[in-house]
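Engineer: Residue numbers (this note's numbering), protein chains in the order written: chain A, 1 to 326; chain B, 1001 to 1326; chain C, 2001 to 2326; chain D, 3001 to 3326.
Worth flagging that the hints you see were computed from the coordinates, not collected in a lab. Don't take each hint at face value.
[To be verified] For lysine-lysine, the following DSS-like pairs were computed, each having C-alpha atoms within a straight-line distance of at most 27 Å:
{"#": "1", "chain 1": "D", "residue 1": "LYS3319", "chain 2": "A", "residue 2": "LYS2"}
{"#": "2", "chain 1": "A", "residue 1": "LYS319", "chain 2": "D", "residue 2": "LYS3004"}
{"#": "3", "chain 1": "D", "residue 1": "LYS3117", "chain 2": "A", "residue 2": "LYS41"}
{"#": "4", "chain 1": "A", "residue 1": "LYS256", "chain 2": "D", "residue 2": "LYS3319"}
{"#": "5", "chain 1": "B", "residue 1": "LYS1216", "chain 2": "A", "residue 2": "LYS186"}
{"#": "6", "chain 1": "C", "residue 1": "LYS2186", "chain 2": "D", "residue 2": "LYS3025"}
{"#": "7", "chain 1": "A", "residue 1": "LYS25", "chain 2": "C", "residue 2": "LYS2102"}
{"#": "8", "chain 1": "A", "residue 1": "LYS102", "chain 2": "A", "residue 2": "LYS25"}
{"#": "9", "chain 1": "B", "residue 1": "LYS1256", "chain 2": "B", "residue 2": "LYS1070"}
{"#": "10", "chain 1": "D", "residue 1": "LYS3117", "chain 2": "D", "residue 2": "LYS3186"}
{"#": "11", "chain 1": "B", "residue 1": "LYS1025", "chain 2": "D", "residue 2": "LYS3002"}
{"#": "12", "chain 1": "A", "residue 1": "LYS70", "chain 2": "A", "residue 2": "LYS56"}
{"#": "13", "chain 1": "B", "residue 1": "LYS1056", "chain 2": "B", "residue 2": "LYS1002"}
{"#": "14", "chain 1": "A", "residue 1": "LYS319", "chain 2": "A", "residue 2": "LYS2"}
{"#": "15", "chain 1": "C", "residue 1": "LYS2307", "chain 2": "B", "residue 2": "LYS1025"}
{"#": "16", "chain 1": "B", "residue 1": "LYS1307", "chain 2": "C", "residue 2": "LYS2041"}
{"#": "17", "chain 1": "A", "residue 1": "LYS186", "chain 2": "B", "residue 2": "LYS1025"}
{"#": "18", "chain 1": "B", "residue 1": "LYS1056", "chain 2": "D", "residue 2": "LYS3307"}
{"#": "19", "chain 1": "A", "residue 1": "LYS319", "chain 2": "D", "residue 2": "LYS3319"}
{"#": "20", "chain 1": "C", "residue 1": "LYS2319", "chain 2": "B", "residue 2": "LYS1256"}
{"#": "21", "chain 1": "A", "residue 1": "LYS85", "chain 2": "B", "residue 2": "LYS1307"}
{"#": "22", "chain 1": "B", "residue 1": "LYS1025", "chain 2": "D", "residue 2": "LYS3025"}
{"#": "23", "chain 1": "A", "residue 1": "LYS25", "chain 2": "D", "residue 2": "LYS3307"}
{"#": "24", "chain 1": "B", "residue 1": "LYS1117", "chain 2": "B", "residue 2": "LYS1004"}
{"#": "25", "chain 1": "C", "residue 1": "LYS2025", "chain 2": "A", "residue 2": "LYS102"}
{"#": "26", "chain 1": "D", "residue 1": "LYS3186", "chain 2": "C", "residue 2": "LYS2256"}
{"#": "27", "chain 1": "D", "residue 1": "LYS3025", "chain 2": "B", "residue 2": "LYS1085"}
{"#": "28", "chain 1": "B", "residue 1": "LYS1102", "chain 2": "A", "residue 2": "LYS307"}
[To be verified] Derived contacts from chain A toward chain D, CB cut-off under 8 Å, selection only:
{"#": "29", "residue": "ASP274"}
{"#": "30", "residue": "ASP277"}
{"#": "31", "residue": "ALA278"}
{"#": "32", "residue": "GLU281"}
{"#": "33", "residue": "ALA283"}
{"#": "34", "residue": "ILE296"}
Just so it is clear, the structure is predicted and the values come from calculations on it, not from any experiment. For each residue, glycine too, the CB sits at the ideal point set by N, CA and C.
4 protein chains.
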Amino acid sequence: MKLKYSVFLGNVGHCFDRYCPEYSKPFTLGELFDRAATIEKLDAVDLVMDLNMLEKREEIKTHLARTGLKVGSLAVDTFANPLYKKGSLSSTEPDVRDRALKDAKTVIDFAVELGCKIVTLWPGQDGYDYIFAADYIVERQLFQDGVEELCRYNPDVIITLEYKIKEPRTHSYISTVGSTLLMIEKIGLPNCGIALDYGHAALGYETAAEAVAMCKMYGDRLKHIHINDNYRLWDDDMIVGTVHTLEYLEFFYWLKRTGFNGYLVIDQFPYREDGRDAVAESAEWLDVLQDAANRIDDAEAEQILAKRDGVAASKFMRKILFGGNK
Amino acid sequence: MKLKYSVFLGNVGHCFDRYCPEYSKPFTLGELFDRAATIEKLDAVDLVMDLNMLEKREEIKTHLARTGLKVGSLAVDTFANPLYKKGSLSSTEPDVRDRALKDAKTVIDFAVELGCKIVTLWPGQDGYDYIFAADYIVERQLFQDGVEELCRYNPDVIITLEYKIKEPRTHSYISTVGSTLLMIEKIGLPNCGIALDYGHAALGYETAAEAVAMCKMYGDRLKHIHINDNYRLWDDDMIVGTVHTLEYLEFFYWLKRTGFNGYLVIDQFPYREDGRDAVAESAEWLDVLQDAANRIDDAEAEQILAKRDGVAASKFMRKILFGGNK
Amino acid sequence: MKLKYSVFLGNVGHCFDRYCPEYSKPFTLGELFDRAATIEKLDAVDLVMDLNMLEKREEIKTHLARTGLKVGSLAVDTFANPLYKKGSLSSTEPDVRDRALKDAKTVIDFAVELGCKIVTLWPGQDGYDYIFAADYIVERQLFQDGVEELCRYNPDVIITLEYKIKEPRTHSYISTVGSTLLMIEKIGLPNCGIALDYGHAALGYETAAEAVAMCKMYGDRLKHIHINDNYRLWDDDMIVGTVHTLEYLEFFYWLKRTGFNGYLVIDQFPYREDGRDAVAESAEWLDVLQDAANRIDDAEAEQILAKRDGVAASKFMRKILFGGNK
Amino acid sequence: MKLKYSVFLGNVGHCFDRYCPEYSKPFTLGELFDRAATIEKLDAVDLVMDLNMLEKREEIKTHLARTGLKVGSLAVDTFANPLYKKGSLSSTEPDVRDRALKDAKTVIDFAVELGCKIVTLWPGQDGYDYIFAADYIVERQLFQDGVEELCRYNPDVIITLEYKIKEPRTHSYISTVGSTLLMIEKIGLPNCGIALDYGHAALGYETAAEAVAMCKMYGDRLKHIHINDNYRLWDDDMIVGTVHTLEYLEFFYWLKRTGFNGYLVIDQFPYREDGRDAVAESAEWLDVLQDAANRIDDAEAEQILAKRDGVAASKFMRKILFGGNK
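Isolated chain A (complex conformation) (with noise of 0.2 Å):
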């Protein structure tokens, strides 16, 4: 197994934070596109479709033609238009609502034209910050249905979802692989998957390589993986594998395992570090990583993982590591 690496456009930039509005200087488009194909190790860049970028489709065009690179997934931008602040697909305002999937399937449509099949709805605006302040079931009733016309919209087009316990929003509705995964059961449709993000997953206290297993029993939904670290508390979208180790390799090796063929989209906020270089890094540490995941011998880990014990998978993952037979 080697999965390709993709990469969110702007994280070769700048970014802000809710004290600074600007840790470094802005790119314009064609510099984004000019950094991130520095890259060697990148294969395709994902796009998040915000209304500046819907209006240069024809430059996004160019871009990719000039520098090679493919599209990973198309994101419909459901978070930095202040219109979803209170929500998007959720939102019991009709017009809001309308304008999300108007939005999503012009996203939808592009993502066919640049012959990308998966679009990304990360709602992150679709949950609530205070108590007594929604109808938990009106609104999530009302995503799962958007979800579901997105789906019929274009079947060729899967749309996947990915979830996160919370931020923006102190709560979010599409919030753990398990609700995730049962609202797409109750939707019932084949392009209807999940975009894992591995930040999310750790700071749900996920076991990453758990929700990647669920993903596979409950209908092979897993389509997507954004990748970045954290210290699992916050989303704090590190350089791949500045935190953890070993729960990477049991990652990749269930991906391996379920046979996972989908990106790896790295995803991240270097607001300190130079964003093009902090995206290389993480691009290393996959290789590496993904190495160290491809050299586990597959019927000797099948018979660790039947041993249900700890003093056996600490043996094994000694070994992985730092090798030696002991």
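With the hints as your guide, set chains B, C and D onto chain A.
Structural biologist: Below, chains B, C and D without anything else, positioned relative to chain A:
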């Protein structure tokens, strides 16, 4: 709405933890019933049917008869018996899993004998501690199949699954409201439900009221409630109401809204307190919290929820709690 | 006890976060003052003296005069200016650190000009994100020496340190009440104090009342309070009182008990709410929470605390909140 | 640097938790020593001197002599004896506090008899569970005074304080590295130090290497180390190295950098594993992790740390762990 209260019988007794084997002296079964019976607000007891209790079935009936206490639910012991230390229904050891099924069926039969409709399954040992120590798909499927077998064993008894994100294992299979509802959906039987533990919901960063709403939405699956309090980062199992206030009010409001009419089972670990008095305290809190929730005007609440606005929600909560019209 | 309220001026305005650059339209400085002035319960404003504000010192004085608002404290900007993205007083880059000292001294001078006795230092960027990326001893010492230099610069102005365990860095140097009091102890000057942010305490798993007690015990160092609410796992900066209830009551009780008489500064991020209304809500909550804490009978509280018993504490809290004699 | 290993003797035996009173059969004292002695990499044992052990002082000496194991430290039992369930040195009950002082002095005397220089105090029960249930100032002062009395009792024995943010109490007084160093600073005696538990640091969102640095900076107070692993949100007490990798490397690098030369004491709860094998595994991990940390070139590390850059740190960590020159 005025829900009835039960208590895990052992709660009026003594506790131990991983450091201290005995915080205070143990009580006999008869003494525990006597202590529970002194708390007027209790309607029933919930019983963990461990090996010892299974042998005392006749004695239990006598104590129930003499105290007039009902049975809220019987819980299968899949967590205190060291046989299940690496899992019960999810165990890949056929002997262990068969025994777990047999134990559960014995408990189901005894429930029928007692006229109790609910059997609780808290699969505390069904999970894993270390990575690379479980085949997540095989074990989850075994668990799901086991639950299905129990549901089919007696369609008149409701099997309620109590989820918890961790402890005693570092990771549980039945972890969140979403993944549990998903499993119930796949089992697809009417007598499979959820036993929602308020503290477990809080521990998993769930809003308890939203969990109630999800149970309603996906098959009306909420059948039993465990109640206690904690600081949100661990299952502290404290006296109800000593940490959270407003979230309980929203929780009770949604219980009313969704028509829940089962038991509120006090389930706490009063390590350093007098167990009986700590349970009596929780019952007092449940009264005042339910009363406060009942004072909520339904029409007004509908309007507030529909606003999806933090300021409106804040004013409403302030009014519920402290009165006034501002 | 009835403490006076201030607010961070920007709180009545608009917000952004790392996804959405503008949740609503920005306001001019004059409009912000106008909006704050409509909230009768406010006595003062706290001002973040960023580069823009430093240039508007005369305008600020005009707005203060016309609105009658006092100044609770001036905060040095060591977090919004990207110059300090890798640290201000802890920076190993002499130019950056010197500039931070210079900025702070300018703010101290302006405080004197305004008759304000408190300057707040929230060293949000002084910390680290990645391991192997800091000499923890060198940087902490530089920070400590910098604070000492500022305290010596004008002994009539109190420098208050606002600790926070993380964000915007994944790890802050000034992280907990203990490590901050330790640093203050080593500096050993009377005009070095703590600005306690209620939400930061909660985020760091501190009991705010215990933090108040520690500040009293170790030199009477509590000089300023920031107030907001959160779900304990992130600095959600919500409207005061919308999450916690009893812990606020204990907090206010200990403020009274230890004789605190500084400002309660509302410090929140109302991303999706009207900023002015969200601040007004917090002021209303502060009134009712302080009133409830003031109704606590001191002698009775002493007795309860001395019992060190969960049941007694529970009864007492129930009584404070819901009345009754049980 | 090659640090020596000790283990809490009970770790090679059996465990219980708050649900299961006995995960496997218990061992006699002699059997525990036998089992520890089979682990060649162990140099010593640490002993919790509970009532039972205090009576077996002669037997302990015999076992030490016959196995050749040294004593890393003696720990005072202030957590398993239910007498201390509401606190030991912080207790406001004079009888309880006096007894705790007496127990500790007995342990200090026995340490001298064994030629052991370190006595560990883990005040697990010194804290509180409920709010409004403690006078935080009085109890903290009592604890501090008690520690001072023990330090003065025998200036040749080092009293090490082991902090932990919670458990078994929901809140501990000796909670973080900062608050513990502050207390030591106030006590002001040379034989008062810190026993740093790696897992406790992780649980409190401390970077263990930074905690080491702070101990160095504020009086060179690090005297003893407990080691185990966890998922950062609870003191899971797992086999060393099964969760964290890079943070251990930074930790060992800083131990070398600050000249620590005490024991690494394996301190874990192998509920479901064979205790002896789980300890042996930790010793193997400690070898490979220390070896990897020792391969770090000091001059290069200095340069990297001075850069304060995530990308440089990432490259460096990748090189340490996987080699290569990129």
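Engineer: Work down the list of hints and note, for each, if the structure agrees.
Structural biologist: Going through the hints against the structure:
1. D:LYS3319 / A:LYS2: 21 Å, holds
2. A:LYS319 / D:LYS3004: 23 Å, holds
3. D:LYS3117 / A:LYS41: 56 Å, violated
4. A:LYS256 / D:LYS3319: Within the cut-off at roughly 25 Å; holds.
5. B:LYS1216 / A:LYS186: Holds: LYS1216 (chain B) and LYS186 (chain A) sit about 14 Å apart, inside 27 Å.
6. C:LYS2186 / D:LYS3025: 51 Å, violated
7. A:LYS25 / C:LYS2102: 25 Å, holds
8. A:LYS102 / A:LYS25: Given that 27 Å is the threshold and the Cα spacing comes to 32 Å, the pair is violated.
9. B:LYS1256 / B:LYS1070: Measuring from Cα to Cα gives roughly 23 Å; hence the hint holds.
10. D:LYS3117 / D:LYS3186: 22 Å, holds
11. B:LYS1025 / D:LYS3002: 47 Å, violated
12. A:LYS70 / A:LYS56: Answer holds: LYS70 (chain A) to LYS56 (chain A) is near 17 Å, not above 27 Å.
13. B:LYS1056 / B:LYS1002: Distance ~33 Å between LYS1056 (chain B) and LYS1002 (chain B) Cα, so the pair is violated.
14. A:LYS319 / A:LYS2: Measuring from Cα to Cα gives roughly 21 Å; hence the hint holds.
15. C:LYS2307 / B:LYS1025: Roughly 21 Å between the alpha carbons, so the hint for LYS2307 (chain C) and LYS1025 (chain B) holds.
16. B:LYS1307 / C:LYS2041: Satisfied, since the Cα-Cα distance of roughly 26 Å is no more than 27 Å.
17. A:LYS186 / B:LYS1025: Answer violated: LYS186 (chain A) to LYS1025 (chain B) is near 51 Å, above 27 Å.
18. B:LYS1056 / D:LYS3307: 69 Å, violated
19. A:LYS319 / D:LYS3319: 18 Å, holds
20. C:LYS2319 / B:LYS1256: Judged against 27 Å, a Cα distance of about 25 Å means the pair holds.
21. A:LYS85 / B:LYS1307: Status holds; Cα separation ~14 Å.
22. B:LYS1025 / D:LYS3025: OK: LYS1025 (chain B) and LYS3025 (chain D) at ~22 Å, within 27 Å.
23. A:LYS25 / D:LYS3307: Roughly 21 Å separates the two Cα atoms, so the pair holds.
24. B:LYS1117 / B:LYS1004: 15 Å, holds
25. C:LYS2025 / A:LYS102: Since the Cα atoms of LYS2025 (chain C) and LYS102 (chain A) sit roughly 25 Å apart, the hinted pair holds (cutoff 27 Å).
26. D:LYS3186 / C:LYS2256: Judged against 27 Å, a Cα distance of about 26 Å means the pair holds.
27. D:LYS3025 / B:LYS1085: Since the Cα atoms of LYS3025 (chain D) and LYS1085 (chain B) sit roughly 13 Å apart, the hinted pair holds (cutoff 27 Å).
28. B:LYS1102 / A:LYS307: 24 Å, holds
29. ASP274: 6 Å, holds
30. ASP277: With a minimum Cβ separation of about 5 Å from chain D (threshold 8 Å), the hint on ASP277 (chain A) holds.
31. ALA278: 6 Å, holds
32. GLU281: 5 Å, holds
33. ALA283: 11 Å, violated
34. ILE296: 15 Å, violated
Taken one by one, the earlier hints fail for this structure at numbers 3, 6, 8, 11, 13, 17, 18, 33, 34, listed in ascending order.
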